[in-house]
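Asks: If you want the building blocks of each chain, they are given just below.
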Amino acid sequence: MKIMLLANEAPDDFALRDNQEAFDGYMGGWYAYGESLEKAGVFLQGAALEPPSTATVVSVRNGTRKVEDGPFPDAKEQLGGFFIIDVDNLAEAAGWAAKCPAAKAGCVDVRVIPDYGQESAQ
Amino acid sequence: MKYVFLLYDDEDKWAAMPESEQMSIIGAHMAYSEALKSASAYIAGDPLDHSRNAKRVRGAQVQGGPFADGKEQLGGFYMIEAKNLDAALDWAARCPCASYGYVEVRPVWNIGQ
Chain P
1 MKIMLLANEA
11 PDDFALRDNQ
21 EAFDGYMGGW
31 YAYGESLEKA
41 GVFLQGAALE
51 PPSTATVVSV
61 RNGTRKVEDG
71 PFPDAKEQLG
81 GFFIIDVDNL
91 AEAAGWAAKC
101 PAAKAGCVDV
111 RVIPDYGQES
121 AQ
Chain A
1001 MKYVFLLYDD
1011 EDKWAAMPES
1021 EQMSIIGAHM
1031 AYSEALKSAS
1041 AYIAGDPLDH
1051 SRNAKRVRGA
1061 QVQGGPFADG
1071 KEQLGGFYMI
1081 EAKNLDAALD
1091 WAARCPCASY
1101 GYVEVRPVWN
1111 IGQ
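From first to last, the protein sequence lines stand for chains P and A.
Mapping the first sequence onto the numbering used here, position 32 (from 1) lands on 32, and the numbers just tick up by one.
Mapping the second sequence onto the numbering used here, position 45 (from 1) lands on 1045, and the numbers just tick up by one.
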């Protein structure tokens, strides 16, 4: 089954991106995690996102476009990146989520990608 | 530049919708994907199942969904290529979800690859 792992990072984690001394350790954790997903043959796709301060929210009501500063929703932990993986079941996906660097100070959501016959991510 | 669209909508409303209405929204997303592909802007996209079938992992804790973050939940995503944020916002406004929910546009962090 296809799973989307959403890495919700704590504000302290985002701060590490701008901390020269801590940056290599921070990125090293993510690279190692990505490599372990690839090595296990479960990795399909992934992306890191610019911090939530760069987010813009777009909605259209009655034909009128509304553009607001994001993120949406305005929570303490925010999406820092995601992985799409192919695993046998939800328990295996939760196991991978627990190993994700964001699970330490933030949380990782494990979401099922339903098969509506759409093209796969890969 | 790459952008990720995070599609937020009321998933309970979606679940309660007649199938014909769901099919019409899925059709709108398929047409939208085709438009992105025709413009060579499409990179990826997937819908997400209801968050009641999700898990949230925090440290050693595993919590079952749904998560009480509000009425709107992440229902899917697109990843697109656009020349700048304005172009990405134009695509976001055309996304079917912009009309029934909210589309959060986030630049992909290009970590020197």
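These are computed hints drawn from the structure, not numbers from a lab.
Values in this document were obtained by computation on a predicted structure and should not be read as measured data.
C-beta atoms are modelled at their ideal positions from N, C-alpha and C, and glycine is treated no differently.
Take the hints with a grain of salt, since some may be wrong.
[Unchecked claim] Here are some of the chain P residues that sit facing chain A, going by a computed Cβ distance under 7 Å:
hint : residue
1    : 49
2    : 57
3    : 114
Asks: Any hints from earlier that this structure breaks? Give me their numbers in increasing order, please.
Replies: none
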